[in-house]
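Chemist: Each protein sequence line maps, in turn, to chains A and B. 656 is the number that my numbering gives to position 10 of the first sequence; each next residue is one higher, with no gaps. 405 is the number that my numbering gives to position 387 of the second sequence; each next residue is one higher, with no gaps.
Incorrect hints may appear among the rest.
As the list claims (entries may be wrong) - Listed below are the simulated PhoX-like cross-link pairs for lysine-lysine, each with C-alpha atoms no more than 25 Å apart in a straight line:
(1) K400(B) / K761(A)
(2) K761(A) / K783(A)
(3) K400(B) / K783(A)
(4) K484(B) / K432(B)
(5) K432(B) / K652(A)
No lab work stands behind these hints, which were simulated from the structure alone.
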Amino acid sequence: MKKRQKRLLLVAGGLAGLAVVTGLVLNAFRDNLVFFYTPSDIAAEIVPMERTFRIGGLVEDGSVYRGEDGVTVHFRVTDTAVAVPVVYHGILPNLFREGQGVVAVGSLQDGGVFKANQVMARHDETYMPPEAAEAIKRAQREGARTVAHPEGY
Amino acid sequence: MIAEIGLFALILALLLAVAQGTLPLVGAARGDVALMAVGRSAAYGQLLFLGIAYAMLTYAFVTDDFSIAYVANHSNSLLPIQYKFSGVWGGHEGSLLLWVLILGFWSAAVATFSRSLPREVLARVLGVMGLIAIGFIGFTVFTSSPFERLLPAAMEGRDLNPMLQDPGLIIHPPMLYMGYVGFSVAFAFAIAALIGGRLDAAWARWSRPWTAVAWAFLTVGIGLGSWWAYYVLGWGGWWFWDPVENASFMPWLMGTALLHSLAVTEKRGSFKNWTVMLAILTFSLVLLAAFLVRSGVLTSVHAFAVDPERGVYLLAFMGIVVASSLTLFAWRAGKVGLGGSFGLVSRESALLTNNVLLAVSGAAVLLGTLYPLFLDAFGLGKISVGPPYFEAVFLPLMLPLLLLLGFGPRLRWKQDSPTEQLWRLRWIFAASFVFGMIWPLFVGTWSFMAGIGAFLGLWIAGSALKDLVERIRPRPESQQSIGTRVRRLGRSYVGMQSAHLGVALVVVGITFVLGYDDERDVRMVVGETVEVGGYGFRLEALEEVQGPNFTADQATVVVYKNGERMTTLTPQMRQYFSQEQPMAQTSLHRGIFRDLYVNMGEELPGNAWVMRVYYKPYMNWVWAGVILMGLGGFLSASDRRYRVRVRREEELPVDRADQDPATVTG
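Okay, chain B solo, but in the shape it has when bound (with noise of 0.2 Å):
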């Protein structure tokens, strides 16, 4: 029964979502309340019939109904209760359930918290939305049901591919999905704008806390996912340039630019042709990404069972959504008018190139990314794009984009005087710059390209951190107290500054950590010791552990540091019962400036094993980075002015070249 009220919610969803997807169109075209009226309930009860399909999904999880396909092929009666709930998503069927669900959250958010919106926007964004939902539930009805019956039931489940079996991945699928289908709000907001002809500042306002609160969580989602990768896959590696991470990183960046460009279209009124082709673009990637990993292409970890079915059904589903967009774009964007003009050295020009540098990234990505495939796709040989490309490609852009960021955000709209910028941040440039290539030292033996990388670490944190005390500093031209002068700085500059922190601890964190790593693949016995990165690593025992599902060889390793012991690691290999596959499971020690990292390898003859000994300094830079990133990118969401009930266009504050418009509170 369970999956019979499953599968019929998820068919009334895909109904409603034809009725949210058609009828407030027609209504926003006529000038039809009532029709227009139908998005909001529509998106509600579409959320409502989704809530039960994945309810019903997780029932039969939690109750190992082994008569569903999916839940043998992804459960197993004596997987720990979290990997249950979890499971729901670990395979493609019910990932596409999840994914379908966030889709249903993000419309039902948009109905509740745009209520100030113009009837017409609302109806044709939540139109919008409906016309992508039944793309995706479609998907999911059609080819991709997870609630398939299995005849006979399996008398036990296959369980859960054990790499899944992790924390790590319990959170990791929901926040990238939370980020890949919250751009479906921005692009219906793009296409709402192109429909009604009306693309302002106004627009650019709706859009952007949306846009935030996406990009906010894709950021945490890629984190999670290299975080989980770095351990659970047991190279120590954390980034790999594998297609699939690829996939999600193409959106991010071309999200990330349409962030930047969404300011200038709000503050300025400038870019909007820019804007809604970035919006639309990062959109189409976020559907490049659900292809690639859905259509079998691709091998890894991520791509789910071979079905050409899907890799059609998905590739014709972006094609008309690309083109369909594409032309509304070529019909409309002539209307759209140009905004405020601007001066060689402005806000604007700066946010243009940063714009200019993650479109080039972006496309140099999609090059590594797609040729491999083209040529396998057309029989032309088969030919890999390795880490080498995109690092030669990446270091070279992100240079100039990083330095930028130091002094960009400083910079006045309109125009501003470059001499005068540079002037006043020479002392930062200059300590950022002695500091940086000093600090290496402390690290390890001095190169060049580590301290590059910390001057521009300190570089960016040193500017934003002059900017936040210049504008909380007291003046005497003016009697408010500090504390009024940091409630006035307004989350969305606090957001941004958060976030460009975050992307200074990122880069010093990569630096580091790729040029000071040291890893030993080793043979040990016994009361053996490794030196590694200056610690000692000494193997005390050797034993065998049972786990709920699996039994484990596990060695016990202590590590000393000066000669004292410092901390006990406990890495396993893992049997899984209902697995042939051996899992290493990491142990790690983490720290601020360091994380010891110790893996098993192979059994060898004689009681040795071959051990896998890592010293990755600054790793947790990288995530703190991340953290600080998704951070910036919720709070600038949660500014007061995207919250106040929306004003006319007149007024805006269009130009107030001497504050910075992220504190303009409304």
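Here chain A stands alone, though its shape is the one from the complex (with noise of 0.2 Å):
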């Protein structure tokens, strides 16, 4: 092989192998954003089956309970609007309490309750999950919005 052939081989591989790497890059990336919702989200049905995604809010005073193992939890989450059902197997983190901002990755399952394979709340004394915070916020502006535009308008 010539110089010049050589050089052009080595650049088209190189791009080549660009572009293959880019193409998995992005479609990865695709696959595994994990979006965010909140309870009221869920009660609208807008959120997908079976893909994982994040939701936010206080865990509802009174709640919780576990299961008989003693490691299975049950517990709602609560914008304020609407309360969701959330079921985790494990321990739950050292400041997770009622009436306190949580936030948990999982998928919906049959029956609307949230299996959650993580559980995190605040790790500080003085913060709260900002996703937690984003969805009391967004359906407290809901709620506002319901009663200042009354049904029919």
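Join the two chains into one complex using the hints; note that each chain is given alone, in its own frame.
Modeler: Below you can see the structure in the form of structure tokens.
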């Protein structure tokens, strides 16, 4: 092979490789985006089934109870408008409390139960998970709009 | 008084940084020797005053001076003394002070160890370091002074975050910062070369040991962070693809590419522009990491208090550095010239492939880290990109890189025969493939992925060892003894092989710990036994214990193997006096082939606890690999050829095709 041909081959090979990699990266990216939804979104049925996403809100007061095995936990996450039942198997974060902000990652099961495989609470004493705050803010904004513009408006 | 002395020293250091960042550059442009000489003294003076400021803050911690807001927020009179020392960098302001102190240290180190550099080059390097110092010391003084007074003084401090009260944390930030800030030296050398228009093999030779040291520190720093997360966070995880981890991983990936690219520039004079570009990118990613962690855009244990002013300052600083260095690059890079040509199969093209793969991995991590932040910042919705994305992207990119690592270091510069190298390594390749595929059978159920991981580890290690043996084996034509041959290997070569062996260990460790770890979250009462990974964990007792600044529930767990008592683990759930938040303290039994890991979860009614029990095979291989990699970096930086007086370019060994360049000693 001549030098020029070799260089051409090198460049072409490099570009092809780069194209493959870019495709790979973008494909993986699209498949693995984890969207965030609020309990109200779930009630409005705009949430895809069997896809991992995150929900946030407050742990509803009086909603936490444990299964027989002591390790499965049931609770409800509320954005003050709608509450979604959540089931989680495992150890809850130390700062998981009723009435406190929480973010859970998981997917929606048949029957509208959110099966969480990860639960996050605030991790210090002065801080609320931003997504939990966002969910409540959105729900309250929606609520305010409903009051301001009654049905039929 | 202490706080005022500290702040005053910090301001003096800032003024010296201004002097260091301007006068030597002007001197270098005008050929004014006196102005150029300012750089060195200013660097020493800056280190002195930063040292004083740092000592003052440490003194305030040790003497419990709660009239200083930072101390009151991050210490407590009951805090054990070692954590009073490390508490200095337990928050934003203090850790920033450590950062600038380390920057001052690097400046002074350059001033000390680069006496043999041409005067103009040293002046420009120190000048650029001075400009960086202005940015960071200014940031400390104007937005984040750790010496702010608290009026009235607090009676008692709020205590250091319990998560940070750990030996791992004592050394993690200093190591990490040594790495981050160390890349400013490589950056300064690159910028100095662009300004001077002289970018040659000698430049690469000066820059290379600094880059290797910075890289080694960053490697160890990231490893320590991971090690800390592993047993402090209590989920048995050690890498979460968390944005903060990614923030440190991106400069590491680029820095690794830079290290390899510098080798080509030094040995063959090629890739000059690319090397300079990598030095700029690596340091830009360091600044990005500082921005991500310190601006409050992220929330994690690393993210410090939200303050928009700080974020804006850092973003502006990063913008100025990146824009001006890229402009300079565009303006001057054309003058740099191309290096020697090389064939399709050669060490150069192997290193080029290495660079492309590392750069693409870095870009993929950048995309996954920044995209959610962009969407959030512009109010376009909240999304997150989880570990599956990073794993899906990383695995296919690392696979060819690790395969290449097996024979890239054996390729000759300029031109090599692909068939010859493959032929020589055929037995190593075959053996590592066979044993790699068998190995998982000894760990658990066989899987192809585990087999591939074990194969890659064996392949890298096998090829490195073969190379080593070939070099020290006595040859008939040579009279040298084995001892002489070992000595003549050169630290640079030994360092490289050590780092590559480290990679092999990390690959094997990660493969097995991901493939075969076993986890149980289980409710336990006293007397109950749970089986995990072939070990029996029996809860013997639950009791309350007292610590210096906490009380704790402690579980005594006896571990049985084949019915025999093996060890006793004592995890705790600690309640620190100053915190509302309880903290789980993991108990670990480490071993070469597995870690046993027990953690207390929650107390349940009926004197029971939810316990988290892990079996982590080959975990310590990862840490051992990281240590070997770090060691490799330090070793190669200490090679003799970097210490001998710099010779003129003409005398450099430009082409020694049949000899590994790394063994060429000065």
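Chemist: All the hints need checking, so say for each whether the structure fits it.
Modeler: Going down the list of hints, with the structure as the test:
1. As the CA atoms of K400(B) and K761(A) are separated by approximately 20 Å, the hinted pair is consistent with the 25 Å bound.
2. At roughly 24 Å between alpha-carbon atoms, K761(A) and K783(A) fall within 25 Å of each other, so this suggested pair holds.
3. Of the pairs offered as hints, the one joining K400(B) and K783(A) holds, with about 14 Å between alpha carbons and a cut-off of 25 Å not exceeded.
4. Under the criterion of a C-alpha separation no larger than 25 Å, the hint pairing K484(B) with K432(B) is consistent with the structure, at around 22 Å.
5. Using a Cα cut-off of 25 Å, the hinted pair K432(B) and K652(A) holds, with the two alpha carbons roughly 14 Å apart.
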